[in-house]
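Residue numbers (the numbering used here), protein chains in the order written: chain Z, 1 to 108; chain E, 1001 to 1126; chain D, 2001 to 2137.
Among the clues, some could well be false.
Listed next, the in silico BS3-like pairs over lysine-lysine satisfying Cα-Cα at most 30 Å (straight line) [claimed, not checked]:
no. : chain 1 : residue 1 : chain 2 : residue 2
1   : D       : K2055     : D       : K2075
2   : D       : K2004     : E       : K1002
3   : D       : K2005     : D       : K2075
4   : D       : K2091     : E       : K1030
5   : D       : K2091     : E       : K1002
6   : D       : K2091     : D       : K2055
7   : D       : K2005     : D       : K2091
8   : D       : K2004     : D       : K2055
9   : E       : K1030     : D       : K2055
10  : Z       : K74       : D       : K2055
11  : Z       : K58       : D       : K2091
12  : D       : K2005     : E       : K1002
Bear in mind the hints are in silico, worked out from the structure with no lab data behind them.
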Amino acid sequence: MPRYLLIESRDPFDSNDTGFCRDLATQLAAANNEVTVFLVQNGVLPARAGARSGDLAKLASAGVRVLADSFSLKERGIDEARLASGITAAPLETIMDALAEGAKIIWH
Amino acid sequence: MKTLSIIESAYRATIEEQDDTIVWLHGAMKGAGADLSVLLRGNAVNYLVQRQDAAGLAFGDWRQTQPPAIASDLAALAAKGVEICYVAEDLAEHGIERNELINGAQPVARAAVADLVGRYGRVWYW
Amino acid sequence: MADKKTITIALMDAPYETARSTTALRLVDIAARRGYNINVFAYEGAVLQPFAAQKAHPNAVHGRSVEEENHFIPKDAIAALMRSAEQNGGKIDWVNCGLCVDERGAVDAIPGVRRGSPADFWQMAEASDNTLVIATR
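If we strip away everything but chain Z, and leave its shape as in the complex, we get:
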């Protein structure tokens, strides 16, 4: 099963192009690929519980794993224990693991 890691560094409050990762992730998952979206930098801002993060919740229900960089969360004062549904904190090592394992990786 091909593996994809989509790194989302943009946030929907500043960019109207976060739909690219959302749509691509959903399409890839629907085609039976293993897909992870990894939020980093301001990309973690919609991960806060209560934030406008509808797209991210939909991803989780589409079978996409949604992770948020622990350091980016901490940097922004977002409690790892209070993330929007379907999002889990993870270390940046996750990206290096995916690189090492040969996943297809796109930085958005």
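Let chain Z serve as the given structure and place chains E and D on it in line with the hints.
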């Protein structure tokens, strides 16, 4: 390894660089034997418009004599065997008609981007 | 111990302009600690990341001297990452795109940085286990 480059960023430093640096990079890599295809999305679909004209800028008595010619550069890439595609809906959303484009660029439906991505061993996003 | 891998990363951002630069160096740090071979292709503004003439400064707003401020200086971070990679059995091959260096006057880079071209990026990518492009906006 066959590589798909997705280009989204457009008109960023193109006057200063007298090129789009990513299109230029791909021309240089192709010249070095790279196996590349390009998908233009977002604002970068505008790069296919033949009528682009950045000529005529001057700063004091310095005149720009080599403005960027991005549509021509993409046509040259295509002539070298690089497949140039664009997201069809992005073109439509930008109000661009297909008859405004350089020859040879192929539309890809937004819903087909994942399938396209799956066909390449490597995908780079610019 | 993790298997030794070779990873290529393409960077484009100049220092101090965007969070992407920090995340990129965080990734290089992880790879260095794992003893990976890391190829960095620095394109456009990123050729200034290892620029030798960078200098620390005090911070009068916070009342800190140069030493107290201990300002983040990219060239020093990169040198430290090079040492870390070596200590762990790996290596960082940092290639600055030559034309980008010329137009920015960024000729003087720290030791361990070499001048290259887009052909180097393609060759590094072909010889790597994987490649990550962190483009600018």
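Taking the hints in turn, this is what the structure says about them:
1. D/K2055 / D/K2075: OK: D/K2055 and D/K2075 at ~9 Å, within 30 Å.
2. D/K2004 / E/K1002: Distance ~24 Å between D/K2004 and E/K1002 Cα, so the pair holds.
3. D/K2005 / D/K2075: It holds: about 24 Å lies between the C-alpha atoms, which stays within 30 Å.
4. D/K2091 / E/K1030: Holds - the C-alpha atoms of E/K1030 and D/K2091 are around 28 Å apart, at most 30 Å.
5. D/K2091 / E/K1002: Given that 30 Å is the threshold and the Cα spacing comes to 26 Å, the pair holds.
6. D/K2091 / D/K2055: Holds: D/K2091 and D/K2055 sit about 25 Å apart, inside 30 Å.
7. D/K2005 / D/K2091: holds, 11 Å
8. D/K2004 / D/K2055: Measuring from Cα to Cα gives roughly 35 Å; hence the hint is violated.
9. E/K1030 / D/K2055: Violated, because 38 Å separates the two Cα atoms, which is more than 30 Å.
10. Z/K74 / D/K2055: Since the Cα atoms of Z/K74 and D/K2055 sit roughly 29 Å apart, the hinted pair holds (cutoff 30 Å).
11. Z/K58 / D/K2091: Answer violated: Z/K58 to D/K2091 is near 41 Å, above 30 Å.
12. D/K2005 / E/K1002: Holds, because 20 Å separates the two Cα atoms, which is no more than 30 Å.
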